[in-house]
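First to last, the protein sequences are chains R and P.
Here the first sequence stands for residues 1 to 148, where the numbers follow the numbering used here.
Here the second sequence stands for residues 1001 to 1241, where the numbers follow the numbering used here.
A few of these clues could be false.
Derived DEER-like restraints, expressed as beta-carbon distance ranges [unchecked claim]:
{"hint": "1", "chain 1": "R", "residue 1": "Phe22", "chain 2": "P", "residue 2": "Phe1104", "range": "41 to 51 Å"}
{"hint": "2", "chain 1": "P", "residue 1": "Gln1120", "chain 2": "R", "residue 2": "Ala111", "range": "23 to 33 Å"}
{"hint": "3", "chain 1": "P", "residue 1": "Leu1151", "chain 2": "R", "residue 2": "His33", "range": "16 to 26 Å"}
If you want the footprint, here are the derived chain P segments under chain R, 3+ residues with CB under 8 Å [to be verified]:
{"hint": "4", "segment": "1016 to 1026"}
{"hint": "5", "segment": "1151 to 1157"}
Non-contacting residues of chain P with respect to chain R, defined by C-beta distances greater than 12 Å in every case (computed) [stated by the list, open to error]:
{"hint": "6", "residue": "Ile1002"}
{"hint": "7", "residue": "Leu1009"}
{"hint": "8", "residue": "Ala1029"}
{"hint": "9", "residue": "Val1066"}
{"hint": "10", "residue": "Ile1072"}
{"hint": "11", "residue": "Leu1089"}
{"hint": "12", "residue": "Leu1101"}
{"hint": "13", "residue": "Gly1108"}
{"hint": "14", "residue": "Asp1114"}
{"hint": "15", "residue": "Pro1115"}
{"hint": "16", "residue": "Leu1121"}
{"hint": "17", "residue": "Leu1169"}
{"hint": "18", "residue": "Leu1171"}
Simulated from the structure, these hints should not be mistaken for lab results.
Keep in mind the model is a prediction, meaning the values are calculated, not measured.
The C-beta atom is built at its ideal place from N, Cα and C for all residues, glycine as well.
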Amino acid sequence: MMMTGAYPSVVVRVTCALLSPFIAMFGLYIIAHGHYGPGGGFAGGVFVAAGAILPRLTLPEELSYSLFPRWIGPATGGVGLLLFLLVGLAPMLVGAEFLDYGAVEIAGMAASRVRYLGILVVEVGVGLAVFGAMLMIFDVLTLRDDDA
Amino acid sequence: MIVALDVILFLILLATAVLALQVKDLLAAVSLLAGYSLFAALLFAGVSAVDVALVEAALGAGVTGVLFIAAILATARRSDAPSDRRRRLIVLPLIVAFVALMLFASTGLPDRGDPDAPAQLGVSQTYLTDSLADTETPNVVTSLLADYRSLDTLGETMVIVTAALSAALVLARRGEIPVWPQRRGGTDPGDDGGTDPAAPAGTPVTGSSGTADPGGHVTTSSPTPDAPTEAHGGTDPEERP
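Modelling step: build the complete structure from the supplied sequences, incorporating the hints.
Structural data, given as C-alpha cells:
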C-alpha cells in the first residue's frame, strides 16, 4: 500500500502543488497573528504541517521529500519544545519564577511589552513543536520497509 | 448564536457520529469523522469559541483524517464483524444510563454567560480586565494560553511531542528515524532525495532548481512530471485509495 508519491491525476497534482504553499503561509500568519485574532501556535503549526504533508500525498517523492526532508519533523519538534523551555527558564536567571516573562527587564521596554514578546516566542515554539510532531507522526505512519 | 441553526448542526453532528460507528468501511468512517469535526468546529464558532473552532477544523477535520488514512493503509480497511448480541445488551443500557446521568447533571450547570457562575467569580475577572494592560495582547485567549497559564500550554506541547516520539518508537520497526540531515550513499530516490543530488531517477524537477523554494518548485513541477509520473501511476493504480 502506498500513500506518498505522485498521484495519478494531473489535476490533483497541480491543485495540491499550487495550494500547499498558501496553506503553509496561512499557518505562519496564524502563528504570528495570534495576539490579535483567533489561533496561535497550535492551530498555525497544524496548518503548516498540512502544507508540508499535502506535497507528500500528491507530488513525486524526490520532490516532496526534498522540500521537507524526513529529519525536519523530529528536529523542529525538539527545537520548538526547547525554545519554549528556554523562554520559561530565562526569568529564573534574574530571580523570578518559571515562565514569568514580565520579570525580565529589557532596556527601553515596558514589562507588558516584554510579556508580549514572550507570548510571541512561546507561540512560535508551540508552532514549531506541533508542526514537527504532526510531520513526524505522518512520516512514521507512512514509513515503508524499503525506506530505511 | 441562532438556535435553529445550532439544532440542525447538532443533529448533523449526531448523524455523522452514529454513521461513523455503523459503517464497515473504515475509509468511509474516517471521512465521516472529518465531517463530524467540521460540524463540531461550526458549533464552536457558533458559541464564539473561534480559537477552539480553528484548532478543531485544522486538526480534527484536516490532519487527523490524513493520519487515520495512513494508519488504514498500513493495516486493514474493513472493520471486524459486529460482536455478539449479548455484549450489545450490556453496553447499550450502560450508554443510555451514562447519557441520562450527563443530561441530569447538565441541568445543574449555570447558564452560558451567566455573570454569577462560579467560573466568572474567581481569578478570570482579573484576567479579562487586566489582560490588555498586562500583556498588550487584545486576544485574551492568547494571553491566557501563552502567559497567565503558559505552564498548561507547556504541558500540552510536551504531550504532543512525546506522543509523536512514542509513535515513532512503536512504528519504526526496523528502520532508523532520521533525526538529522544524513548523507548516505544509497541510491533509493524516495529516501532523502534532497541530500542526494545524484539520484538515478530521471528527475528534471529536482535537477532544474536545487533550492528549497516552494514557489519555484510549483512552477517547474506542474508541467514536467507527466512522463515519469504517468508511468508511475500506471504501475499501481489499484494501490491508491
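Right, here's what the structure says about each hint:
At roughly 48 Å, the beta carbons of Phe22 (chain R) and Phe1104 (chain P) sit within the given window of 41 to 51 Å. The hint said 23 to 33 Å for the Cβ distance between Gln1120 (chain P) and Ala111 (chain R), and at roughly 27 Å that hint holds. Here the CB-CB span from Leu1151 (chain P) to His33 (chain R) is close to 24 Å, well matched to the stated 16 to 26 Å. Under the rule that three or more residues need a Cβ within less than 8 Å of chain R, the assignment of the segment 1016 to 1026 of chain P is violated, with 0 such residues.
Interface restraint, the segment 1151 to 1157 of chain P with chain R: holds (5 residues with C-beta to C-beta distance below 8 Å; minimum three). No Cβ of chain R comes within 12 Å of the Cβ of Ile1002 (chain P); the nearest lies about 20 Å off, and the non-interface call holds. Even its closest Cβ contact with chain R, about 19 Å, leaves Leu1009 (chain P) beyond 12 Å, as expected for a residue assigned away from the interface. Separation of Ala1029 (chain P) from chain R is adequate, the least Cβ-Cβ distance of about 17 Å exceeding the 12 Å criterion.
Remark: the non-interface label on Val1066 (chain P) conflicts with the geometry, its nearest Cβ contact in chain R lying 6 Å away (cut-off 12 Å). Look at Ile1072 (chain P): its CB is around 9 Å from the nearest CB on chain R, not clear of 12 Å, so calling it non-interface is violated. No beta-carbon of chain R is positioned within 12 Å of the beta-carbon of Leu1089 (chain P); the least distance is around 37 Å. Every Cβ of chain R is farther than 12 Å from the Cβ of Leu1101 (chain P); the closest lies at roughly 32 Å, confirming the non-interface assignment.
Every C-beta of chain R lies more than 12 Å from that of Gly1108 (chain P), the closest at about 31 Å, which supports listing it as non-interface. No Cβ of chain R approaches the Cβ of Asp1114 (chain P) within 12 Å, the least distance being about 24 Å, so the stated non-interface status holds. Remark: the non-interface label on Pro1115 (chain P) is consistent with the geometry, its nearest Cβ contact in chain R lying 24 Å away (cut-off 12 Å). Annotated as non-interface, Leu1121 (chain P) keeps its C-beta farther than 12 Å from every C-beta of chain R; the closest such distance is 25 Å.
With a least beta-carbon separation of about 9 Å from chain R, Leu1169 (chain P) fails to lie farther than 12 Å from that chain, contradicting its non-interface assignment. At roughly 4 Å from the closest C-beta of chain R, the C-beta of Leu1171 (chain P) falls inside 12 Å, breaking its exclusion from the interface.
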